[in-house]
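Going down the list, the sequences are from chains A, B, C and D.
To get the numbering used here, take the position in the first sequence, counting from 1, and add 52.
To get the numbering used here, take the position in the second sequence, counting from 1, and add 8.
To get the numbering used here, take the position in the third sequence, counting from 1, and add 8.
To get the numbering used here, take the position in the fourth sequence, counting from 1, and add 67.
Quick caveat, the hints were computed from the structure, so don't treat them as lab data.
Do not rely on the hints blindly, as some may be mistaken.
Pairs of lysine-lysine, PhoX-like flavour, derived with a Cα cap of 20 Å [to be verified]:
1. D:Lys83 x D:Lys334
2. C:Lys39 x D:Lys117
3. A:Lys262 x A:Lys223
4. B:Lys39 x D:Lys141
5. D:Lys202 x D:Lys190
6. D:Lys117 x D:Lys141
Residues per chain are reported as follows:
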Amino acid sequence: MNDPESRTESRAATLVRMNGITKRFGKVTVLKDAQLEVRSGEVHVLVGENGAGKSTLIKILAGIHTEFEGRIEIGGREVRPQTPWEAKALGIAVIHQELSLIGSMSVADNIFLGRAPTRAGLVLDAEQWRQTGHWVRQLGLDIDARRLVEQFPIAVQQLIEIAKALSQNAKVIVMDEPTSALNAPEVEKLFSLIRILKQKGCGIVYITHKMEEIERIADRITVLRDGQWIGTAPAAELPAAKLIQWMVGREMGEQFPRHTPHPGAERLRLENFGVFPTSFSRKPAVQDVSLTVRAGEILGIGGLQGSGASELFLGIFGGYGSATRGRMQLDGTERRFASPRQAIESGVALLTNDRKATGLVLSLSIVANATLAALRELSPGGWRQPAREYAAAQQTVSPMQLRAASLDLEVNALSGGNQQKVVLAKWLQIRPKVLLLDEPTRGVDIGAKREIYQLMNQWTAQGIAILLITSELPELLTLSDRIVVLHRGRVAAELSREQATPETVLMAAMGSKRVEPVAESQN
Amino acid sequence: MLASPAGRAFLALLLVLIIGVIFNADGAFFKIGTHRDTLRQASVYGILACGMTLVILSGGIDLSVGSMLALVAVCCAQMAIHWNWSGWCVVPACLIIGGCCGGVSGFVTARLGVQPFIATLAMMVLARGLAKYASGGMKVSTALMNPDGSFRYVEVPRFFRLVDHRILGGNLSVVTLIFAACIAVAWVLMSKHRWGRYLYAIGGNEEASRLSGVPVVAAKTLAYVASGMFAAVAGICQAAQEQQGDPEAGMGYELMAIAMVVIGGTSLMGGRGGIGLTLLGVLTIGYLDKILSINAVPEAGRLVLTGIIIVVAVLTQRRKRT
Amino acid sequence: MLASPAGRAFLALLLVLIIGVIFNADGAFFKIGTHRDTLRQASVYGILACGMTLVILSGGIDLSVGSMLALVAVCCAQMAIHWNWSGWCVVPACLIIGGCCGGVSGFVTARLGVQPFIATLAMMVLARGLAKYASGGMKVSTALMNPDGSFRYVEVPRFFRLVDHRILGGNLSVVTLIFAACIAVAWVLMSKHRWGRYLYAIGGNEEASRLSGVPVVAAKTLAYVASGMFAAVAGICQAAQEQQGDPEAGMGYELMAIAMVVIGGTSLMGGRGGIGLTLLGVLTIGYLDKILSINAVPEAGRLVLTGIIIVVAVLTQRRKRT
Amino acid sequence: GKSNEAAAPNSAPNQKQFVIGMSQCNLGEPWRVQMDADIATAAARHPELKVVFKDAQNDTLQQRAQVEEFVSAKVDVLIISPKEAQPLTEPVAHATTAGIPVIVLDRRLLGTNYTCFIGADNKKIGKAAGEWIVKALGGKGNVVELMGLQTSTPGQDRHSGFLEGIAGSDLQVVFRADMQWLEPNARQEMESALARFDRIDCVFAHNDDGAHGAYLAAKAAGREQQMKFVGIDALPQEGVAYVRQGILDATFQYPTGGAEAIDTALKILHGETVPKDIVLGTRLFDKDNVAQGGVALP
Ligand SMILES: Nc1ncnc2c1ncn2[C@@H]1O[C@H](COP(=O)(O)OP(=O)(O)OP(=O)(O)O)[C@@H](O)[C@H]1O
Ligand SMILES: Nc1ncnc2c1ncn2[C@@H]1O[C@H](COP(=O)(O)OP(=O)(O)OP(=O)(O)O)[C@@H](O)[C@H]1O
Ligand SMILES: [Mg+2]
Ligand SMILES: [Mg+2]
């Protein structure tokens, strides 16, 4: 059960060896002479900052990028996978960072996409459903294999993605940030599965930005920086501090900068707030939620996937139109937002949990994205003033150390972390009073994470009230002044900083035990 | 029932049928002949719609079906009337012609990455041109010109008569049967065959499909080939019913076919829909046409009503953005 | 230079011009008159393409421009010839008519969430019907029928002559000027006004735009209204040049306009492109037409060549899938 | 638009009502609108007649369906202006065998299985136009021919007739293009012709729209005085009007035969025998005779 035993001795057979891998996109070189060796029965963690080239390296192994220099050996034989299909045949299964599920198709069709059991070309649906059921149950999911993937929240989708990879019975399984949308219990499930796979002799490449995960499952660690191979070492020989130095190339202070609360006047108050996402269900995703946030305070929202946290945020933000119940007060005045527009005009900002789908316009430049929400006041009378927009974007982006050649770059050329900073910049443009952050550090590297934490401190110092959803417990516990835990769309507990421990939060989140809410002493 | 797209599409059809019952042109709407003719008229469009459904599901669109129909009709008439080949040779030959045209636009779209709209637009113009070449700008009919410029008339080929025939005591046209067959084929391909899954997947998320090892290029190209072949079948039916090959045939049929697919409820974004829906769409528009026609609504009114009813029909089944 | 879409679009135009230089129809291609006429001919399409660009950028499509052109042309002729209103009243009236038609399809698409293709298809049919109502199926010309069925003839309205006029020693048609003006207006709107940025954003990612406070519905609807107004301008030009209002005018112009936009390099997926590209696209197709025409290429050949050249032109500028 | 429902033999009880079904292949062209109008005006003079108009929107199969509809509606007389000879021959034959007299307007059907054909001869008209041009140009000069859709029989006949008409003269057809009956196309093609040839003496267009488009092109080039413009169809509000306004030099009427159709229908309904073939003559309208309403040509 606990890690030391499950570590494999280094005599194990080598499954994959990648050597001298160099990859260019046009002029930019994103991988320089990188290398990676995966042994049977080990969890090989691949780490590095955003844009270090981890995913690119994996995509080369998966036969997605086919133009590159260097050699790949699988089972001692030199290979050069030209298509994802070939890579699969070579026993490589990949869980990609960007979910590669098709929302408009059923769970079964997704899991067996491209390799459905057929007779005379005709798909054997019953067979598919049977096997699908088997695999999803392994992940502790109990879902109907015939339902469309899009009907599940992002967390469930990620589990389906994992099931898809497992079901290929591959020798090497690559997981590119598989837990970026998972909550503790599912992560546990995944880890125990990984242990089983190790015993079966599979090799696992595991990409993550979460330190505690590295500490828990890593056997060996390979670090990339700016596309270069920095080193590979057994986890035991890489304490966190050293690891971070390898990644960032410099010493870095503690991961979570001390958060000093500056509680001010009450900013946002919800009373018996309920949300009815018309899009898919008559049943409320959120009901009877009452909470308050004060200026300069960070209120953490805890809860498992499906707890309705995102719906709560969208509801507050007017994302579902006026499909909300209950009362909402902003700075003491009764408000109800019928559209995001109204919310923004009165200083409420929402950072959604899926930047590619709902956060950014990938085809537009950094400036355009960073000024989109504030475009109205930046263009009085409707006529745009590019210089002014540029200056504004410049001003909000600069404190974030955005790594981009120029602000006129299309955002889809940026790597995950930097894209996230652009979204943050967009919301700072409107000088918000209340900031709703849904998974602000999803897929963001430690360096960038730390910067975001620091920014959050600055904002609270400026009197902004922050509501924070995060599936990373440490983050939730250390950043929040208070934590409201949701369960099935209802408040299961409200915990003060002192009361909040991993146990209490998880208990409440799973709805098992009810913790006494703290007296409203603050106000 | 209203939850399912099929239910909603059915509602639209119902709507039209009710209109028909109300404005039944002194009972003409209740004569079986009327329905037989409606189906016969809708068949050619319907056959095109089958291919169109495959293409649209894969996230594409095919504007060239009308022109391919004309090209095939011309060639078909050439072979059947002038060179009097038997149907056993003509039909495969026509399918090949249609398949090739489709293959070209498929290649240009799927392999070369040109937007389907523009690739098939080009094919639409090109195939029309070929049709005019092949026919020398004349209709290919049973009137053959003698060297001296006079005309002699040959028999209408047997298999033309066969296709243009009626069965069940004259209550069902053969072309309607052919249409039904096309629907059946398309249905098996789409909802049972592996390839159909590929099309849904590609239409739903092309990049993800590629990552999952779906042969995207091949699957997409095949969709256009299929569309070309269905167009060929439609062309044969057209030629057989007109007993000639008209290079001007099929003008604007592509929009008709697309409208039928979309009114059925298949999304032009791709990935959602099915052939059953298309069938409903075909019937909806087919009956709409017929009702306006038996009531002898003048053209202006006919156009206005068509426009309005299309919108109403689609409104009954719009899906709210999630 | 080839990196930028503009560069690639320019390449396509160059390609066509070179063809023109080679097949110059014994020097006709080098006469200034030829180019003046090419521009005049392309202007009406080009004006439609301006509106089409706005709509396509926002991720939509407008099939109704051709019919709206006809409707406006008919009404314009009615007002100018029969009721002899002055241009100062006719033009605004026409713009309002066009704007309303566009507004309706905009409302149905943006507000009611019907797919743009089908919503504007319906409007295409509907507007054509209205045009026929308004004109009674006849061309609205300077020949007025007396009660007794005989005809009397009125003058061609001054402002028709004005629009169909030429300036700079007959080397530039006024319609070309109007087209240039439309390009300018569209350019200002798209690249200098907030609304243009909204259109790009919506075309790029509608949901993200909505959650960033972009007034999606309004912005989209306005795009269709604008398209309708540009169609109205085109309709006025058409009527003025034909000195009559033809309810059959503008058939198939929508495909032409779309082709021009896409050949320019604007993506039908929305979010990427610009009016400058459209200008290049208009010139490309305009010159292609003209070159085939001055060489008196027979119909069939014209179609085939057009099809091929369109594909080649687009291939010169396809963006590789990443 | 629901005002005129299909044949309802129940309006005037006192007197026997006759229902005539009229299937028009396409109301896109003004000439065909005129045909319907002529029929309507002619029928209006006979209260016992009721005409039901249908428009096949240029779709052969749809027109075929309309014939079937009329047959099942048991109209007393069927008038059809067919889009295609071949495909409509059979449905019409069914109609006649069902005992419904059929009058075929404008375009012929194959065989003889109809009651009466009324129409003009495009070839003859094309020939007449050709001869007129030869005379007007004194036997020589450069001519531009703007042809109607060459996949359509009228286009082909007018073309071949024209060639016959100018045969033997020194006329040169320097530029020939298919403008598909459309005025904008005609204008574009004419512009091309003007760009290529400095000397054009006459433009012959297969319909008046085409001629009008050509005139506008020439006028824009300031060369309309240098050439003659000849068209075909001579609809009162188009061709004839153009001649009166001095836009066209001549136009040749292509009669719709609407009025004749109603006369024949009445004859049939009253049991009189009618000729199998009624070929309508054409009328020439030019500067000199347009005031008198043109002259009939043999
Ligand atoms: N298709 C592409 N075209 C151009 N540049 C690309 C492409 N894909 C990735 N890049 C660039 O290559 C670099 C490495 O990208 P990659 O996705 O491998 O980083 P990563 O290590 O996975 O970062 P993250 O931890 O955020 O996922 C980044 O700078 C990215 O911008
Ligand atoms: N598109 C959808 N269709 C059907 N049900 C959905 C959909 N999206 C969410 N739900 C349901 O709404 C509830 C809340 O989902 P939501 O995504 O808000 O969870 P969450 O709290 O945001 O989890 P996470 O922490 O992963 O974001 C769950 O019961 C989920 O099943
Ligand atoms: Mg990555
Ligand atoms: Mg969520």
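Checking one constraint from the list: CA of Lys39 (chain B) to CA of Lys141 (chain D), max 20 Å. Satisfied?
With a Cα-Cα distance of about 13 Å, the restraint between Lys39 (chain B) and Lys141 (chain D) holds, given a limit of 20 Å.
With a cut-off of 20 Å on the C-alpha distance, tell me whether Lys202 (chain D) and Lys190 (chain D) pass.
Distance ~18 Å between Lys202 (chain D) and Lys190 (chain D) Cα, so the pair holds.
Quickly compare the C-alpha distance for Lys83 (chain D) and Lys334 (chain D) to 20 Å and report which way the hint goes.
Holds: Lys83 (chain D) and Lys334 (chain D) sit about 15 Å apart, inside 20 Å.
Does the alpha-carbon distance linking Lys117 (chain D) and Lys141 (chain D) stay inside the 20 Å limit?
The given pair, whose Cα atoms are some 13 Å apart, holds under the 20 Å limit.
Does the alpha-carbon distance linking Lys262 (chain A) and Lys223 (chain A) stay inside the 20 Å limit?
Given that 20 Å is the threshold and the Cα spacing comes to 25 Å, the pair is violated.
Are the Cα positions of Lys39 (chain C) and Lys117 (chain D) separated by 20 Å at most?
Outside the cut-off at roughly 59 Å; violated.
In summary, the structure is inconsistent with hints 2 and 3 from the numbered list given earlier, while agreeing with the others.
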